[in-house]
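Numbered per our numbering, the sequence shown spans residues 13 to 258.
BS3-like mimics (lysine-lysine), calculated; alpha carbons at most 30 Å apart, straight line:
id: 1; residue 1: K228; residue 2: K137
id: 2; residue 1: K74; residue 2: K248
id: 3; residue 1: K74; residue 2: K244
id: 4; residue 1: K96; residue 2: K137
id: 5; residue 1: K234; residue 2: K248
id: 6; residue 1: K42; residue 2: K137
id: 7; residue 1: K74; residue 2: K103
id: 8; residue 1: K96; residue 2: K236
id: 9; residue 1: K228; residue 2: K244
id: 10; residue 1: K147; residue 2: K228
id: 11; residue 1: K74; residue 2: K234
What follows is a set of in silico ranges between Cβ atoms, one per label pair, in the way DEER data are often shown:
id: 12; residue 1: P47; residue 2: A170; range: 35 to 41 Å
id: 13; residue 1: Q202; residue 2: K103; range: 26 to 32 Å
id: 14; residue 1: D176; residue 2: R156; range: 17 to 23 Å
id: 15; residue 1: E233; residue 2: E100; range: 17 to 23 Å
id: 16; residue 1: S154; residue 2: E104; range: 35 to 41 Å
id: 17; residue 1: E219; residue 2: A51; range: 19 to 25 Å
id: 18; residue 1: R177; residue 2: Q202; range: 35 to 41 Å
id: 19; residue 1: T239; residue 2: R156; range: 46 to 52 Å
id: 20; residue 1: K103; residue 2: S158; range: 37 to 43 Å
id: 21; residue 1: D176; residue 2: S151; range: 18 to 24 Å
id: 22; residue 1: E104; residue 2: T169; range: 29 to 35 Å
In case anyone wonders, no lab produced these hints; they're calculated from the structure.
Cβ atoms here follow ideal geometry from the backbone N, Cα and C, with glycine treated the same way.
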Amino acid sequence: MSKKTWIILIAVVVGFAGLFIWLANKPANKIDLSPYNIAEIIPPSADNGEIGDHVLGNPDSKVVLVEYGDFQCPMCSSVASRIKAIAELYKEDIAFVFRNFPLPNMHQNAKAAAAAAEAAGLQGKYWEMNEYIYKNQSSWSSLRSSSRNNWFAGAATALGLDSDRLITDMTSDAVTQKINFDLSIATEIQAAGTPVFYLNGEVVEIETWEQDTSLKSFLNEKIKEITGEPAKAETKSTGTTGGTQQ
13 MSKKTWIILI
23 AVVVGFAGLF
33 IWLANKPANK
43 IDLSPYNIAE
53 IIPPSADNGE
63 IGDHVLGNPD
73 SKVVLVEYGD
83 FQCPMCSSVA
93 SRIKAIAELY
103 KEDIAFVFRN
113 FPLPNMHQNA
123 KAAAAAAEAA
133 GLQGKYWEMN
143 EYIYKNQSSW
153 SSLRSSSRNN
163 WFAGAATALG
173 LDSDRLITDM
183 TSDAVTQKIN
193 FDLSIATEIQ
203 AAGTPVFYLN
213 GEVVEIETWE
223 QDTSLKSFLN
233 EKIKEITGEP
243 AKAETKSTGT
253 TGGTQQ
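Start from the sequences and build out the full structure, keeping to the hints where you can.
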């Protein structure tokens with residue numbers, strides 16, 4: 013079999029795999045997204061259970077980087093800390109948003125983890141729980157229902173939250189609506205696999221975000237292109253008032 017044939021075969025297999033993931037995670041009752049600009053920060057509404065996008069950084073920025081992630085996804089876990097570090101470095105320049113894209117057919121505890129993070133958000137500690145869940149992924153990913161909930165209750169206690177409230181909120185209508193809303197967006201953009209990143213509605217290729225240097229260069233370029241000004245993170249690191257990093 014020729015190299016070209018192998019490439020075509022692999023592309024077909026990847027395409028079918030992506031289609032399977034997309035169909036398997038399509039919400040049963042698809043939400044009408046026409047009132048929303050999914051490339052921008054989405055505020056609380058009845059459709060998302062009055063839980064808007066979680067934003068790290070500058071909520072007024074014209075540059076919005078969105079991750080669609082699964083808390084049980086090994087790749088998501090492996091990149092979580094450095095993506096958050098870059099988001100914090102560029103906190104004056106961009107708005108970083110995390111949207112739920114759990115893949116329960118592949119990861120049995122993914123939705124529960126998303127629910128735990130959203131429930132923590134109702135107590136004001138979304139990003140703390142997001143980070144805690146990813147850092148301790150191996151501790152909860154293979155647990156069964158009751159043991160899993162006990163683990164999330166323990167995580168809530170470790171973060172200074174009301175653990176009983178967190179467990180109750182995990183199955184609340186509001187949290188369920190928020191997760192389904194995010195899933196509807198992922199369906200709309202036909203996201204295949206996790207993690208996947210979009211900047212102002214345009215997909216960010218894996219070759220760009222898989223390394224810190226390439227992601228920073230990309231952000232520097234896009235921030236200047238969109239705002240007309242160099243990134244504050246870039247000028248601070250170079251000690252200049254403009255230009256590009258050498």
